[in-house]
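> Two chains, each in its own frame: build the complex with the hints.
Residue numbers (our numbering), protein chains in the order written: chain P, 1 to 536; chain R, 1 to 311.
Hints are not guaranteed to be accurate.
[What the hints assert, rightly or not] To be clear about the criterion: a stretch of chain P counts as covered by chain R if any three or more of its residues have a C-beta under 8 Å from a C-beta of chain R, and this derived list gives those stretches:
no. : region
1   : 30–42
2   : 291–298
[What the hints assert, rightly or not] The calculated DSSO-like cross-link candidates involving lysine-lysine, where the alpha carbons are at most 27 Å apart (straight line), are:
no. : chain 1 : residue 1 : chain 2 : residue 2
3   : P       : 217       : R       : 287
4   : P       : 334       : R       : 277
5   : R       : 252       : P       : 85
6   : R       : 297       : P       : 85
7   : P       : 523       : P       : 499
8   : P       : 381       : R       : 62
9   : P       : 361       : R       : 277
10  : P       : 334       : R       : 63
11  : P       : 85        : R       : 63
12  : P       : 337       : R       : 252
13  : R       : 287       : P       : 65
14  : P       : 150       : P       : 69
15  : P       : 337       : R       : 62
16  : P       : 334       : R       : 62
17  : R       : 87        : P       : 460
18  : P       : 85        : R       : 62
19  : P       : 47        : P       : 2
20  : P       : 337       : R       : 297
21  : R       : 62        : P       : 212
22  : R       : 278       : P       : 361
23  : R       : 62        : P       : 361
24  : R       : 287       : P       : 69
Keep in mind that the hints were calculated from the coordinates and are not lab data.
Ideal Cβ placement from N, Cα and C applies to all residues, glycine included.
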Amino acid sequence: MKTLLKPSEISRAAGRLCRIGPGELAPLPPPYEDFNATVPKPLNEDKIKNIEASLDDTLAIGIPKPATKEEEEELIRRFLSGLRKLFERENNWTFLRQLTLSLEHCARCQTCSDACPVFEMSGRQEIYRPIFRSEVLRRVCKKYLTPGGKMTAKWTGDIDLNWTAIARLAELSYRCSLCRRCASVCPIGVDNGLIAHEIRKLFSQEMGIAPKELHEKGTVLHLRAGSSTGMNPLAAKDSVEFIQEEMEEITGCPVEIPWDREGADILLIHNAGEMLAWPENVGAFAILFQAAGLSWTLSSETAGYDAVNYGLWYDDVQLSRVALRHADIARRLKVNKIVVGECGHAHKALIETSDRLLTGKLNIPRESALVTLENIVMSGKLSFDPQKNDFPVTLHDPCNYVRSMGIVEPQRRILRRIAPRFREMTPHGVDNYCCGGGSGFAIMSGYNFTDWRNLVSSRKKFLQILQAFENEPPQTPRYVCAPCSNCKGAIRDIIGYYKAEERSRLYYGGLVELIVNALDGMKKPIIQFGEEPSWQ
Amino acid sequence: MGFYIFTYACLAVCLATVVWRVRRQLTLPVHLRWEIYPVQHEPAGKAAYGGSYMEELNWWEKKRERSPVNEILYMAPEILLMRGLWKENRSLWRFSFPFHLGLYLMPAALVLLLTSAVLTLLGFAEDGIVAAIVEKLIVAAGWSGVLAGAAGSLGMLVRRLTDREMRAYATVADYFNLLLILMFFICALLALIAADPLPGAARSYVMGLLTAGTAVPGYAPGQSLPGALTIVLGSLLMAYIPLTHMSHMFMKYFLYHRVKWDDEPNRPGSPLESAVKKNLEYRPTWKAGHVDADGKKTWRDIAAPAPKEIK
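If we strip away everything but chain R, and leave its shape as in the complex, we get (with noise of 0.2 Å):
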């Protein structure tokens, strides 16, 4: 049951983690902009050589055409095969893609594997079609997953350590990390080999974690010592990576969508607008003689009269 509680602990902290994060970007004011092109929800023509809206003639007059299609095609390629790296440096895409490809597939993996024990208890039949598509799944995912992670956190700790550049802004931090991460994949890739390939073990205990431990009363998890270590490690990866600056693999979106992509024009009479308004209302505190902020005046006053210098 310890396991069981552990992972519960880890999940607990990464949903709360995430849901943090996630709230803190949702709930900050709007900022100005500061968009870089090219914009990839600009129509495709545009997108292709970084165009915006602003090369209209009188564009606020114009119906605003925006591509989400457009958006999908460059982010699906983005995020799966990591794009921009493979374009701006692919000595380091060579390990890094291979490393991310490995932390996609694990919790794809996982996925996989609860749905394997919610067909299971909703009593579809194990040697049925859908339970033998999605037991492959779980064997293609996990090993591929395993092997690609293992390979590539091996090569980014090997070329942090010998790249002079990057050591040079390494900290502990960063070595730990990929330490931990290569001995996540390290003990799963052992736990596959040794003990359970299918994996049937994995299976036992995504199920029990489903039903508190009570659907499979002769399963006790952890019984390989490689097997042990991947649920720690794994558990315990899943709460520390949203802790850390590798949350980009979720937090991505808003430095996408909401700062570099983010060109909305202020409308009269729009929401975004009434943001605006609310902005200008708050009340600083900056020191510097010019600013002649006092913790009563609002950015508006402040901003609006002739400052202080120029009376």
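Next comes chain P alone, as it looks inside the complex (with noise of 0.2 Å):
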């Protein structure tokens, strides 16, 4: 039995913290056992040469090493600098009491290490134990924060403090999707993955460390060009364009997709990836808010067409700025309400954690288009054959509706209603797990990134899928259900990664297509299992 990685280790100088060996991860069931003793690929060794690469296998951020001594000081001198402010009301009011709650009441019972999935997958890999990061964080703020906490660390747990620490602490915050999972099941109620969130921001908002892909390629062209796909307005619109005319041939009939119309009661926010990865989802919400008569609008504002809002996850600022530009663009097209497309973290964002920014005639109701969606099913106006959903479906819950926001029971009534072989995935609802692409993994896919998601972070949820399949015949095809975009993506990925469409016949989408799969008087099925429609 190995010796476990201890805390203060974070700053030991030698080699990389964890590597995980081949047949250490969580077995997988047959028929993909010959994905058992795989790895992740190893860096490339002279692409990382200049960069802290000395925590796992892979890397989410990438930090440059410092070129001198002195640069290195300066690193360290920030990295306190930083985390002192997050102990300031000024500069962390917006979750001062969760950190200093979290981080002085820990038992250390460890109870939420056998909830966090990707501890679990790892083979119990210790850097990924969910107090690991926590604890390393901890014993820093106590020794380095704390009047006389030099001389107390002996006492209440040591740790040396120097860059490759703080270079690993970074990276390490990337390796927890925020899921909560842990939170919800200590029984004092700390939560791990806040801890994990504040580090994040310590170093975006204090040293401007973050993965390029929530930062630069995520929020910064988000508020720029107007979304982070990089989708100018202009092109938004065009994609848009495109989508009205391939609905046109579902329906057989003429499909409106109304942009910047002032005065709708919804203004419907997607997140822009569905316009170019799943283009349904956004003409799937444009035949049934047409069908059920709503009135409702897009925005071709910058950032008015793209919900997502990567600063939920690194950087409070970027949050605020992005929750501000979205409401403000409702404020003045003067709707009564934004509806938030299939997003889980964009629905967090908007509408719950974004609730205590928006004052005034910025704060305009805000809902989750969940709810709206069953609105519609359940109105009776409307009518559908399940006959035509006639396949297995599971539904993955996003952690953010869930976990997060208490929606659990609308896209359930809606499946109950229209798919006839639905079955639940095991837990499911407010424990569900992740999809391992929370928290920006999902887009994450810099150095061998996506090989460790595919791997290690999504390993649980593709094992709950073929587990909600396994009974069924192999010709089947079998329908997840992910009504989240970030989710999408990362079953997407899984199913490619383990060929899984091939080995199980696995197809995956969002909850509006099988709602409008089954609509009644549709000229084409909206659904497709590769080439094969899902109805004739």
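Right, here's the structure in full:
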């Protein structure tokens, strides 16, 4: 039995702290045993020679190594300066209460460990244990921020702070998908996901260190060009025009997708990634809203057509900027409410977390698309034929809907109405497992991070999906309903990586597509299994 | 008198620490929402599966339903029986429950001892029915608390020493805390067994505490070694627990009610909105370039206009 790595070892000089060996990951069932010895592709040593890569087998940020001793010392100073700011109300009123409570009251009982899918699936690699990074931060705070902390460090848990430890801690904050399953089982209420979030924030807001997919190509691009996909308003309109034509082929009649309609009841904001990767999702909303006779509009203002808010995962300032932009667009359009499309983190960012950022006329009512969709399906205004969805369906619960917002039943009531072969995953609802793409993982692909995600953080979800369909005949197509863009991205990658379309006939998509697929009067199905239409 | 002064001093530290911790939480700025479902003050139907008011169409137009009863029904077994630990970590619960039960019953016994002393001072007959009930409760709480606490703290210490996952994260302070508590319970148990089973000396000591030693002139505290150690260690624990992570015994209120279950929506014109407006006037000093903070601009200034990078 190998000795467990201790939090203090994060500052040790030599080598990588963790390497996953072949066969160490949690085993997969047939026909996926050939992946049981697979480990993430080794990092290209030439490519990373000037990069801090001493944590594990992958890189999420890729922090450049300091060129001089002076630079290294300056980085340590800035880290400590940022650490102090986490405890100042001027700088961190946003999460000060949550942080202090979680740092001060952990009993280190390890109840959280078994709840963490990354820790479990990695073969219980110590650095992925939920309290490992929390305990590092806790000890650093006690030693370096508390008066007399250096004298009492041997008593409260010693740790040395050097640049290696800091760089490792930055990377380590991106090995937790912030699913907060650990927090939900903690008997005391300590939130290790929140601590990971605060570490990310320190690095971003004080040191300018964050994965480029979240910052430069994420929030910065979103605010500058209009979308983190890089689409400007013209490109977005072009995409939607194309989607409109596609949808007309499905409905056999004109489909209108309104832009910038002042005074509409609803401003619908999609994750713009849908327009590029899953256009049928955007189209299905249009078909359904039109059929239900809703008064609605899209916005072509910069950022108004992209609901994402990556700031939620790493930077409160960027979170605030994006949320205020969304709210201001709705205010100027004079809509009655914003409906957020099928995107979990956009839900949490705009409806829940930013609730205490929006004041006065910016405090526009905000609603989940799942609730709007449920109202349409259950209103009786439209007619559905559930037999068109006569294939096995399971539901993935995005963490942000269920555990973070308590939106659990609307999607289920819809599925029970329109998908006769719907079955739950185990566990589900507020006890769900993350898709493995949470907190930005789904869009982070630098170095070999995609490999790590598919093999480690998404592994539990893959097992759950396989289990949900285990008694189905091999040739039956199976539909994973994932009503969230990032979750869909992660599930798409799982299916591709493990060749699960070929081996298990796994397909995936959103919720609104299933609704439109069962809607009476459609000329063609909106859901296809490869080249095969889901109904004739 | 030295014992009394020591206990008074420890009580003062305890109260000051509790007040400091609670006051700090009460005066912190309103934070961004970060709740976790199930939120137990939702009506029972929703709380059962973890649903929220955000499942309702146009929820902001509806009257919010909250169920304090449901919250109490959840919290009572959580506090008294440690239901969460039972569900998620049963092997630890076997030690943790008696450990906490012992720690709960000690203040309960103290309150009963104080009640008994007050009854005596008020002139209630010592052989009256009220006094008799209190006496029996003191014996029950004292004995069961000490037995449970001794067994639980020993079990917790052994578990922390033998479980490699817990050991890897344990600090010297963790072992010290458990040893201190174990020693207290062992001393209290020895005192009960060897010298004071009813426990008359404990009643006299608490009476002395209430009257600064004047009401029981014939009694000198700490006449037996276990009794003296029980007074010293018990007083120390009273001061020490609130200073450590073990303050979760009462700070759990904030972890649950102010964070995990804080789902209060920000309604226009509400006190919450005023608090948010106040927060937006804070002047951050974060140094990363994209933040564009200088200690003069407010959060509102920084968040509202286009940031420097996109100008």
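> The structure should be examined with respect to each hint, and the outcome stated for every one.
Comparing the hints with the structure gives:
1. 30–42: Since three or more residues must qualify, the claim that chain R covers the region 30–42 of chain P is violated, with 0 doing so at under 8 Å.
2. 291–298: Coverage by chain R is violated here, the residue count being 0 at a Cβ distance below 8 Å.
3. P:217 x R:287: holds, 21 Å
4. P:334 x R:277: holds, 22 Å
5. R:252 x P:85: holds, 25 Å
6. R:297 x P:85: holds, 16 Å
7. P:523 x P:499: violated, 31 Å
8. P:381 x R:62: Holds, at about 23 Å.
9. P:361 x R:277: holds, 13 Å
10. P:334 x R:63: Holds, because 24 Å separates the two Cα atoms, which is no more than 27 Å.
11. P:85 x R:63: violated, 39 Å
12. P:337 x R:252: Given pair residue 337 (chain P), residue 252 (chain R) is violated - Cα atoms ~36 Å apart, limit 27 Å.
13. R:287 x P:65: holds, 20 Å
14. P:150 x P:69: holds, 23 Å
15. P:337 x R:62: holds, 15 Å
16. P:334 x R:62: OK: residue 334 (chain P) and residue 62 (chain R) at ~21 Å, within 27 Å.
17. R:87 x P:460: This hinted pair holds, its Cα atoms lying about 21 Å apart.
18. P:85 x R:62: Not satisfied, since the Cα-Cα distance of roughly 39 Å exceeds 27 Å.
19. P:47 x P:2: violated, 31 Å
20. P:337 x R:297: violated, 31 Å
21. R:62 x P:212: Roughly 42 Å between the alpha carbons, so the hint for residue 62 (chain R) and residue 212 (chain P) is violated.
22. R:278 x P:361: Holds - the C-alpha atoms of residue 361 (chain P) and residue 278 (chain R) are around 16 Å apart, at most 27 Å.
23. R:62 x P:361: Between residue 62 (chain R) and residue 361 (chain P) the Cα gap is close to 20 Å, so the pair holds against 27 Å.
24. R:287 x P:69: Between residue 287 (chain R) and residue 69 (chain P) the Cα gap is close to 21 Å, so the pair holds against 27 Å.
Consistency note: the structure conflicts with the earlier hints numbered 1, 2, 7, 11, 12, 18, 19, 20 and 21.
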